[in-house]
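S.K.: Make a model of the complete structure from these sequences and hints.
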Amino acid sequence: MLTEGPAAQFTDLKECLDDFQQRFNTNERVRKLVKNWDRQVMVEATDTGAIYTMYVEDAEMRRIEEGRSEGDDEYLVHLQATNETLMEIFSGNYNPSTALLDGMLSVFSNERDKVKLEACAMVIWGL
Amino acid sequence: MPNALNLDGIALTTEQGQWRRAAEQVARDVLAPHAADVDRYGEFPHEGITAVREAKLLGLMVPESLGGPGGSIVTGMLVTEALAKGCASTAMCYAMHQSTVPLICSLVDDDQAERFVDPILSGEWLGAFAMSEPGSGNRIWHMDSHAVEEDGGFLIDSFKSFATSSGHADFYLVPVRANADVGPTDLSLFVIDGKDEHIEPKGVWDGMGLRGNSSRPVHFNGCRVPREHRLGEPTAGFSFMMAYALPIYLVGLSACYLGIAQAAFDAAVAHVKGRIHSDTGRSLATVETVQRYVGEMKVRIDQARAAVLRVAQMSDNATVLFDEFRESELLDEIVRENPDDPYFVELAALKVMAAETAVAVSHMAIQVCGGVAYRRGHVTERCYRDARAGSLMAPSDDTLKVIMGNQLLGTPQPWA
Ligand SMILES: Cc1cc2nc3c(=O)[nH]c(=O)nc-3n(C[C@H](O)[C@H](O)[C@H](O)COP(=O)(O)OP(=O)(O)OC[C@H]3O[C@@H](n4cnc5c(N)ncnc54)[C@H](O)[C@@H]3O)c2cc1C
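Sequence order for the protein chains is A and B. Letter by letter, the first sequence follows residues 1 to 127 of the working numbering. Letter by letter, the second sequence follows residues 1 to 416 of the working numbering.
Treat each hint with caution, since some may be false.
[Unchecked claim] EDC-like mimics (lysine to aspartate or glutamate), calculated; alpha carbons at most 20 Å apart, straight line: (1) LYS32/A with GLU324/B; (2) LYS32/A with GLU70/A; (3) LYS35/A with ASP316/B; (4) LYS35/A with GLU333/B; (5) LYS32/A with ASP332/B; (6) LYS32/A with ASP323/B; (7) LYS35/A with ASP110/B; (8) LYS114/A with GLU327/B; (9) LYS114/A with GLU233/B; (10) LYS32/A with GLU233/B; (11) LYS32/A with GLU337/B; (12) LYS14/A with GLU70/A; (13) LYS32/A with ASP316/B; (14) LYS114/A with GLU329/B; (15) LYS35/A with GLU329/B.
Read the hints as simulated data drawn from the structure, not as lab findings.
M.R.: Laid out in structure tokens, this is it:
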């Protein structure tokens, strides 16, 4: 559990992702952005080994499941960072593009999907 | 010194290298030989523009989706800098044309693509971007003139205080308020055919520098513009200009000023090597003060080039993001909410530094060349006069610094 910053309100990564899911689904702009963008976003904490997959379908984040994505690799976006960095990112405390430039986050996906994520982060957090 | 290690530091793609070489060839073979006359007589650079058309540079930034080569902002910057080394007037006409292209391409429908983009691509159409108005001057986010809707189209009565290529452009991209009742940033964008007889360029352009680029006022005096000549939604102009014109406009201007600085530097280096004093029998190149100036000019140019390249790359990334917002129909609201996003502030800082660099370098170039450089017609004095436009072109450097200061300090912007 983090002791400082906005992410400190969450006890673990899952709780942080649940909060993010709610923000995602209640943000009209995000929903416009992810129209026709059905993806599995797999979040992997490199230090704790925790893995969650967020399923985006029909302009909504339908569910978050523990474990690796079961879907087609073509629709997979894979994010890797430490648990703390992921919590900072998903609580809106750390711009993912900055995290990428800082070498704190790895994203395995096609370029278009990276931009889509950046755009989502921008509209959710007003970054 | 030969460039033995060849550590240029910029890894260009094959296409970027080809475009840059094409522009360098045009600059060397056509622009540079005409530059002195263009400047002396204040003549529009017809030969230069013809060479630019023939080299297909006008369509460089037309995206692949519209049948173009899909040149990036980095490529546009390389080309503009190369042209500016030959003739700054031609390069500025090119830069203003280029500022219209991504904007037009981002908004056209299929029919408009055929009508407006194809002739740009073929090199037939050189554009002018007529933004500045007498009322708001350098504060180009504010327009006073407006369109009037009438049967089948619009009536445009708009006086623009400056427009590069005025009277010579094949088309004008003209932002005006969508109608009389909307605010100054609710802009419609019109493509007006250069042959429209209601376009009235005013007077003769007799500038201190950039003397060939015909930046005189132009009055769109009751132009009847068909509906199909309006791009996008009625009030999309402001946000699309911010996303698709401002980046290439400010990077393009900066590249132009960088090319001017480089041309002044090259001329100064050539001069000091060849100028031998009879009493010492040595060239100016052996004088330590001159060597120091040469070193200082290089530092300034290198700083500017690194900055232009960095912000050009940043702008290419930003374009991808803007495309994403455009396709999701979010661009207008997102840009309007973030007009002083740190990215736009980077663009502002770039133009300021490139303009200041060009003035500082050409000033030093004159200094090391001495009295001969004070004579009309010397390359360095021409560069100095050309460079001086940099800080005035909109938004003026002073305005940009105020905007940057406000953004960094969290204080209200002039448009708020
Ligand atoms: C060579 C050349 C080519 C041009 N080409 C084009 C073109 O193709 N298209 C086009 O639309 N325009 C063009 N322009 C016009 C240009 O972009 C500016 O709009 C124009 O130069 C503004 O002049 P102005 O006299 O109206 O400036 P003003 O707005 O009157 O400003 C004068 C000075 O006042 C100060 N100032 C004003 N407002 C502020 C502020 N808010 N904060 C701080 N300081 C401020 C600045 O020092 C500024 O330089 C061109 C101009 C030149 C010189």
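S.K.: Each hint should be assessed against the structure and marked as holding or not.
M.R.: Do the hints match the structure? See the list:
{"no.": "1", "hint": "LYS32/A with GLU324/B", "result": "holds (11 Å)"}
{"no.": "2", "hint": "LYS32/A with GLU70/A", "result": "violated (25 Å)"}
{"no.": "3", "hint": "LYS35/A with ASP316/B", "result": "violated (24 Å)"}
{"no.": "4", "hint": "LYS35/A with GLU333/B", "result": "holds (18 Å)"}
{"no.": "5", "hint": "LYS32/A with ASP332/B", "result": "holds (14 Å)"}
{"no.": "6", "hint": "LYS32/A with ASP323/B", "result": "holds (14 Å)"}
{"no.": "7", "hint": "LYS35/A with ASP110/B", "result": "violated (23 Å)"}
{"no.": "8", "hint": "LYS114/A with GLU327/B", "result": "holds (16 Å)"}
{"no.": "9", "hint": "LYS114/A with GLU233/B", "result": "violated (29 Å)"}
{"no.": "10", "hint": "LYS32/A with GLU233/B", "result": "holds (19 Å)"}
{"no.": "11", "hint": "LYS32/A with GLU337/B", "result": "holds (17 Å)"}
{"no.": "12", "hint": "LYS14/A with GLU70/A", "result": "holds (18 Å)"}
{"no.": "13", "hint": "LYS32/A with ASP316/B", "result": "violated (23 Å)"}
{"no.": "14", "hint": "LYS114/A with GLU329/B", "result": "holds (19 Å)"}
{"no.": "15", "hint": "LYS35/A with GLU329/B", "result": "holds (11 Å)"}
Hint check: violations occur at hints 2, 3, 7, 9, 13; the rest are consistent with the structure.
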